[in-house]
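Visitor: Next come the chains, spelled out residue by residue.
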Amino acid sequence: VNTGSPARIEAAGLAIGIGMGGFVDGILFHQIFQLHNMLSARIPNTNLVGAKVNMVWDGVFHALVWVITAYGIWLLWSAVKRGARLPSHRSFVARLVMGWGFFNVVEGLIDHHLLDLHHVYEPLGRSVWDYAFLVWGVAMLAAGWALRRRDTDLGVSGSARDSSMPR
Amino acid sequence: MVALLCSAGSAHACTLCHSDLAEQVRERLFEAAFVSHALAICAPLPFFVAAILWIARRTSDVR
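Protein chains in written order, with this note's numbering: chain A, 4 to 170; chain B, 79 to 141.
Worth flagging that the hints you see were computed from the coordinates, not collected in a lab.
If you're wondering where the values come from, they're calculated on a predicted model, not measured in any experiment.
Just to be clear, a hint being listed does not mean it is correct.
To be verified - Mimicking DMTMM-like on lysine to aspartate or glutamate, the simulated pairs with C-alpha atoms at most 20 Å apart in a straight line are: (1) Lys55/A - Asp98/B; (2) Lys55/A - Glu109/B; (3) Lys55/A - Asp154/A; (4) Lys84/A - Glu101/B; (5) Lys84/A - Asp98/B.
Model the full structure from these sequences, guided by the hints.
Guide: Below you can see the structure in the form of structure tokens.
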């Protein structure tokens, strides 16, 4: 009996979702669109030195989400190694989406609102975009939860469904 | 590799270089608020780790 292995897979999905959410934020908003940087509300990124200092802190942020993603991969690998079956696509995607939503909610609340480290669209400071970021996170959490529930309601989640999955 | 990075003309702006710009960046980076900045950036981490560990430690019959 692999007690804990399905829970590990669930945790792996959440961890990888958190990590991927962090990478989307960092890559899309910090680097490609350059809407803000990690400390752009404290250290203006409007001159070269400020931009480069922010770039260093962006790197620290990326390192942290890399570690979370790596931990998720390790959890997934160790669960399978312990004999757990891989979850269905829908079930695993639900956990990824929940992880991404959880990232947005926690990061948005702490970094955008409590600590004022940066804001989604920095030129405006705290704006409607910061609240939209939170709503986006809550929506993803709800969507992931609903997707996960749907699998459960159909009676196909967990070991009953997973036992029919090829390994 | 480090020698290459530090000696290359095109790498004057790198964080570890000895150019004026790099020194300004290091000065700004390691200012008095360095620890405060580092702690602030790490602030969400305990919440992420707690959520992951909480789920990972549940037994399989708890869904």
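Visitor: Between Lys55/A and Glu109/B, does the CA-CA distance stay at or below 20 Å?
Guide: OK: Lys55/A and Glu109/B at ~14 Å, within 20 Å.
Visitor: Between Lys55/A and Asp154/A, does the CA-CA distance stay at or below 20 Å?
Guide: violated (46 Å)
Visitor: Within 20 Å, alpha carbon to alpha carbon, are Lys84/A and Asp98/B?
Guide: violated (52 Å)
Visitor: For the pair we were handed, Lys84/A and Glu101/B, check the Cα-Cα distance against 20 Å.
Guide: At roughly 49 Å apart (the allowed maximum being 20 Å), Glu101/B and Lys84/A break the hint.
Visitor: Between Lys55/A and Asp98/B, is the straight-line Cα distance small enough, at 20 Å or below?
Guide: holds (13 Å)
Checked against the numbered hints above, the structure violates hints 3, 4 and 5; every other hint is satisfied.
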